[in-house]
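Heads up, the sequence shown is in my numbering, so the first residue is 11 and it goes up one at a time.
Possibly wrong hints are sitting among the right ones.
Derived lysine-lysine pairs resembling BS3-like cross-links, with alpha carbons at most 27 Å apart [claimed, not checked]:
1. LYS367 to LYS391
2. LYS307 to LYS241
3. LYS160 to LYS351
4. LYS83 to LYS160
5. LYS241 to LYS125
6. LYS319 to LYS351
7. LYS391 to LYS403
8. LYS79 to LYS241
9. LYS391 to LYS241
10. LYS361 to LYS351
11. LYS307 to LYS368
12. LYS257 to LYS351
13. LYS216 to LYS233
Derived by calculation from the structure, the hints in this document are not laboratory data.
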Amino acid sequence: MCALLRKFRADRKGNFAITSAVAILPLFAAAGLGLDLSNAYSARTKLDNAADSAVLAALQSASSDLKTKGQSKSYSAHELLGKDMMDANLEAEYGISLKAFTVEVTNTGTALQAKATYDAELETRIMRVFNRDEVRIANEVLASTQLDQKMSVYMLLDNTPSMGVAATTADITKLVGATANKQTNAKCAFACHAEDDGDNYYNLAKGIGVNMRIDIVREATQKVMDEFHAKTAFPDQYKVAVYSFGKTAENMQLTEVAAPSSDFQTQKQLTAALDLMTIPYQNYNDDQQTDFDGTLKSLRQVIKQDEAKGDNSQKIVFVVTDGVGDSAKPYNCTRNNVNSKPRCIEPLDIKACEQIKKQGYKLAVLYTTYLPLPTNDFYKKWVAPFQADIPGKLATCATPGLFAEVGFGASIPDAMTELLNSATTMPRLIY
11 MCALLRKFRA DRKGNFAITS AVAILPLFAA AGLGLDLSNA YSARTKLDNA ADSAVLAALQ
71 SASSDLKTKG QSKSYSAHEL LGKDMMDANL EAEYGISLKA FTVEVTNTGT ALQAKATYDA
131 ELETRIMRVF NRDEVRIANE VLASTQLDQK MSVYMLLDNT PSMGVAATTA DITKLVGATA
191 NKQTNAKCAF ACHAEDDGDN YYNLAKGIGV NMRIDIVREA TQKVMDEFHA KTAFPDQYKV
251 AVYSFGKTAE NMQLTEVAAP SSDFQTQKQL TAALDLMTIP YQNYNDDQQT DFDGTLKSLR
311 QVIKQDEAKG DNSQKIVFVV TDGVGDSAKP YNCTRNNVNS KPRCIEPLDI KACEQIKKQG
371 YKLAVLYTTY LPLPTNDFYK KWVAPFQADI PGKLATCATP GLFAEVGFGA SIPDAMTELL
431 NSATTMPRLI Y
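Take the sequences, apply the hints, and build the full model.
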């Protein structure tokens, strides 16, 4: 027997094979543990993101459900986020088995507080060989939104000539048909308000009952005043101001339509005066009537003046626009200047937005889709190249989560109301 053992020890080749076989087991286990833990980390990140979305969605829902101090309500993740999304993004992709995923929201009297709790198991890939079939993943996420915070909303409504476009596809068809036989600008869907021409398309649109986009924006703004009145929980909780780009092209500047006030009935009446900017004649000032940079800068100064007077409410800037700037900007135009002139046609320059957000103000942007003009040579050369970039620029301009687009077939009033509700009830995550 001793001789046999000595012979075994002397056989280096056999020794190496057996030693390697024994050593590879813990290495294999370690590699498997690393792979499964990596999967678990990815799954937890996915679940945490879902929990973030769930608590924020719950607070949005609870803002109308829980009106009284002490009230609470539970929501399921499937109810808040949609079962298809949960199944596709969590269970199918990672093999996650959700044991529980609920959100509890409570009205404390001064805030809505939400807590998302989830408990899940993740199937292992390698560790099951070592009798570890799953990894448990559990966590909770908190969020809240203040109920007693005062807010001031500054609405900047684009009333420049491009907002004279017919409001719906039916309106476009009607106005194009009514202008089909005109000597100039035939088959035009824009109702320019040129004061030197009594037969201008603005008057024509009014005469045949065509709603222009500015008409719908005005009506939507008046509807918003009713919404603010309905949701007010204590005096002066909300103040709303309305501004335009100017009544006339000759005096183009930030123009107050309605000063900040919580008298929403008066605000509705004042907003009725909002209308399309007039121009003295076609091609006045090389059509440079949409100065985003200057107008947003002026609005920022107005807000700072209000703060200097002691207004410590949360500030929300709400912009409704089709997103195309047209102004004298000889330097720093984000596109090529038109025909080597100072004229700059560009999507809204986000630098103007950053200055607003740096002040700590929320910035909401509602994009009313710019109407393409594929048969117009000027449009094809100067606007078409960046038309597809407009919504992305405006989304970047806005505070995350406070951008929306509304096209010609959708409801501007509904979109405006929904976005403003989001802006005024936007909760914050608590980490």
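Hints, verified against the model:
A C-alpha spacing of about 33 Å is found between LYS367 and LYS391, which places the hinted pair above 27 Å, so the restraint is violated. Proximity of LYS307 to LYS241 is assessed by CA-CA distance (about 30 Å); at most 27 Å being required, the pair is judged violated. For the hint pairing LYS160 with LYS351, the CA-to-CA distance comes to about 46 Å; that exceeds 27 Å, so the pair is violated. For the hint linking LYS83 to LYS160, the alpha-carbon distance of about 25 Å falls within 27 Å, and the restraint holds.
Of the pairs offered as hints, the one joining LYS241 and LYS125 holds, with about 24 Å between alpha carbons and a cut-off of 27 Å not exceeded. A C-alpha spacing of about 41 Å is found between LYS319 and LYS351, which places the hinted pair above 27 Å, so the restraint is violated. Proposed proximity of LYS391 and LYS403 is supported: the alpha carbons are some 19 Å apart, at most 27 Å. Restraint check: the Cα-Cα separation between LYS79 and LYS241 comes to about 16 Å, which is no more than 27 Å; the hinted pair holds.
With a CA separation close to 47 Å, the supplied pair LYS391 and LYS241 exceeds the 27 Å bound. The straight-line distance between the Cα atoms of LYS361 and LYS351 is roughly 22 Å, inside the 27 Å bound, and the hint therefore holds. For the given pair, LYS307 sits about 13 Å from LYS368 by alpha-carbon distance, which is consistent with the 27 Å threshold. Of the supplied pair hints, the one linking LYS257 and LYS351 holds, its CA atoms being roughly 25 Å apart against a limit of 27 Å.
Annotation: proposed proximity of LYS216 to LYS233 holds, straight-line Cα distance about 21 Å (limit 27 Å).
Consistency with the previously given hints fails for numbers 1, 2, 3, 6 and 9, ordered from lowest to highest.
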